[in-house]
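**Q** Residue numbers (this note's numbering), protein chains in the order written: chain A, 1 to 145; chain B, 1001 to 1426; chain C, 2001 to 2302.
Heads up, a few of these hints could be off.
[Said to hold, decoys possible] Incomplete in silico selection of chain C near chain A, CB under 7 Å:
#1 G2071
#2 S2149
#3 D2150
#4 N2266
No lab work stands behind these hints, which were simulated from the structure alone.
We put the beta carbon where it would ideally sit given N, CA and C, even for glycine.
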Amino acid sequence: MTLIVAYQVFMRYVVNASPSWTEGTAILLMSWFIFLGAAVGVRENFHMGFDVLIYVLPKGAKGVLRTISDLAVFAFAAGMVYYGGTLAVRGWGVTIPVLHIPQTMTYLPIVISGFMMCLYSLERMLLRLAGEPVDEPPAELVTEA
Amino acid sequence: MEYWILFGVFTVLMMVGTPIAFCLGIASFATIVYLGRPAMVVFQQLNSGLAGFTLLAIPFFIFAGDLMMRGGIAARIIQFAGAVIGHVRGGLGQVNVAASTLFGGISGSAVAEAAAVGGIMIPQMKARGYGADYAVNVTSMAALIALLLPPSHNMIIYSLSGGGRISIADLFTAGIIPGLLLAVALSITAYIVAVKRGYPTEPFPGFAKAFQYLLISIPGLMLIVIIFGGVRSGIFTATESSCIAVIYALLVTLLVYRSLSWSEFVHSVMGAVRTTSMVLFIIGAAASFGWLMAYLRVAPILTDLISNLTQDPLLVLLLINVMLLLLGTFMDMGPLIIITTPIFLPMVQQFGVDPVHFGVIMILNLGIGLNTPPLGPVQFVAAAVGKISIWTAMRSVWPFYLAGIIVLGLVTYIPALSLWLPAQFK
Amino acid sequence: QTVLRSSDTHPDGYPTVEAVKQFGELLNEKTDGRYSVEVFHSAQLGAEADTIEQTQFGVIDLNRISIGAFGTQVPAATVTQLPYIFRSADHFHNVLDGPIGEEILAAFDAVDVVALAFYDGGSRSFYNSSKPITSPEDMAGMKFRVMQSDIFVDMVGALGGNATPMPYGEVYSGIQTGVIDGAENNYPSYDTAGHAEVAKFYSLDEHLMVPEVLVVSKIVWDGMSPEDQTAMREATKESVAIQRELWAAKEVESKAAVEALGATINTVDKQPFIDAMKPVYDKYVTDPALQDLVARIQATEG
Ligand code: NA
Ligand code: NA
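Input sequences plus hints: build the corresponding full structure.
**A** Quick look at the structure:
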């Protein structure tokens, strides 16, 4: 992404001809990064929530709440697969202007990310049932003030 | 009923501790299913919310900030700043506000700003014994200065939403004094809190040492000159400047300071990917939620409530401020400007409020909303960089909110703060 | 009673927004209150490409949109995006009001919407911050922001300029700081976006007259009784005349406004510009059916 935008600036000044594909390509790449990163976030538990209740409740209730959350994640992720898939299929016949690729490419990351999120949220629920400490915040985000 | 589903599902899931992005997504999904309309739109907006070129600045500034932090650029700048104003109580809080003001002249996005300044300042502040909550709150509130100082793409959105006749040049100029006022207010607040908490002062190291620190930090400081000068003189756009920041930060750390190891570089990339995907995934889900709010006409319904309550201009402005603060709690700035401007602007114009003045009020007000949970993107970024929960940050944020509200009050009821400067250019 | 949700990217009060509102009132009368229309202006429901999809899968019912937003999805409609295809406003109206207009409207069936009518969107011309443009030579090396569309990018290239990609919101500061030299648009947008403040030279080359189109979701259309469908067609036809009047008034008003801001407007001998478009036409009008359509448009009087 960095290289693409740098190339855009370079072309404008050095060659004085702006490539018209750079903006769209950079945005498309970014959306792939974000959706795949967000899926990994489900596994590594780094998505940010409003954890007020979790702090005050006893341990057993926490597990229940976390399971509800995982179910919500699973449901939305399933929606990403199904509806994202529908959008991707519809987009096959539509060409993104300037980039000349089918619009499917913009919806595909939603589908793949949704699929990964489904697996990861299932994994979390199963591991929790098995008594694994899946609800510990990731090491990177731990430090409390 | 659909209103209850949208806000009810969202609130319940949020209380349960579901990640915000999924609260927003499920609430939107449940509502559209209840309405019996195709749910594809929720996932379309999830994607469209991320399709702006200006959003690219976010990962770039996060990455650049991380590089500057790990590669030692930030450490050297702060060493210098510490030598200059560190002897003030809580000096790094002052440095944070000052840096935000400088960066605010480069970027118009408070989110990118929190990532850039916060990425450098928060770890340094924590290392010097400042509370992470203090560091996060100073950063997230000071980031709002970026919205008021030019360039500000939100002001362009406001002008377009106002349907014309509002000069963007005037809006840009009008934001300068309120932006600086906010900087001063936050600086005072940061000082008072620092004194109360007994935060450290740095000893003044003497002029010779300060000058030496300046020389060491010049390659880093040049980045501000390059970005600021580059954008001002039109060599590149604000979005492109964030990319230049990454390249420049890499070059300086690799070639000048030679301070970045390969493993640190990989860490930096991974960290930027994490933070970016978390924040932008929320922004995407917020687009779905915002779309449903527009579809259900939430904003106009609230407006009707206001105009039924009062016709007094001072009260109307007060009520609009309260309402925008509430809406800003749940929604992001861009969509809110687009939805509420066409409704509120004609209303306040009837009472003789200048559209440029109202624009500044709106930007500052919705800016504060970027720092209020449950949906506070700037706060998310700052808290993520500070590695604390929103809840931890919230416990001590009130003095900073108070400062923001006081400035908002001044800007609302003293039109000259906004309108005097543009008038000088006529 | 069914409330139809209609999307528009323009702000409240804009001629297209007002025309759709009046269309809604006419429709309400003609269907004895069975249908009314609620306009979501200012792109509240999303960018143009988004709202097209939303209309297609039926989450919104009506959409007032620029034909340019359909890109090349509707081949027959693509010809209206060709530079200099329309010689004048009269020519534009004669083509769209006649059988060719009907043919283009019908072509939208292929993309799951029913196109009801064309509205005026004015003519787009180049504006820049340095000099009046009178010939394609003047554009050599100049950077213009255009919409993300292949035809428009190629058009600027064929005229010797550089098409520069840029989000619309960055155009103002882009011109101000010199990242780009200018952009292109109609009078009302040139005025309301404030671009006249930073790019004072507006050169009337009128390269594009892209029609606005009012479409209804096929799902909604198929659910209407034949009488209501007829009522909708009639209401649309009547709203076209209203919109044209509103548009003409808006153009006069905007022209006065940009002149008051200090804009210099110059006329242009269009022939050299038209001559430069040959490669663009060669590239996009390859299908014999489209070649025939272009020939018939050019043969239409006006
Ligand atoms: Na700014
Ligand atoms: Na908020």
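**Q** State for each hint whether it applies.
**A** Results for each hint:
1. G2071: It holds, given that the least Cβ distance between G2071/C and chain A is near 5 Å, below 7 Å.
2. S2149: holds (5 Å)
3. D2150: holds (6 Å)
4. N2266: violated (25 Å)
Against the hints set out earlier in the document, a violation occurs for number 4 only.
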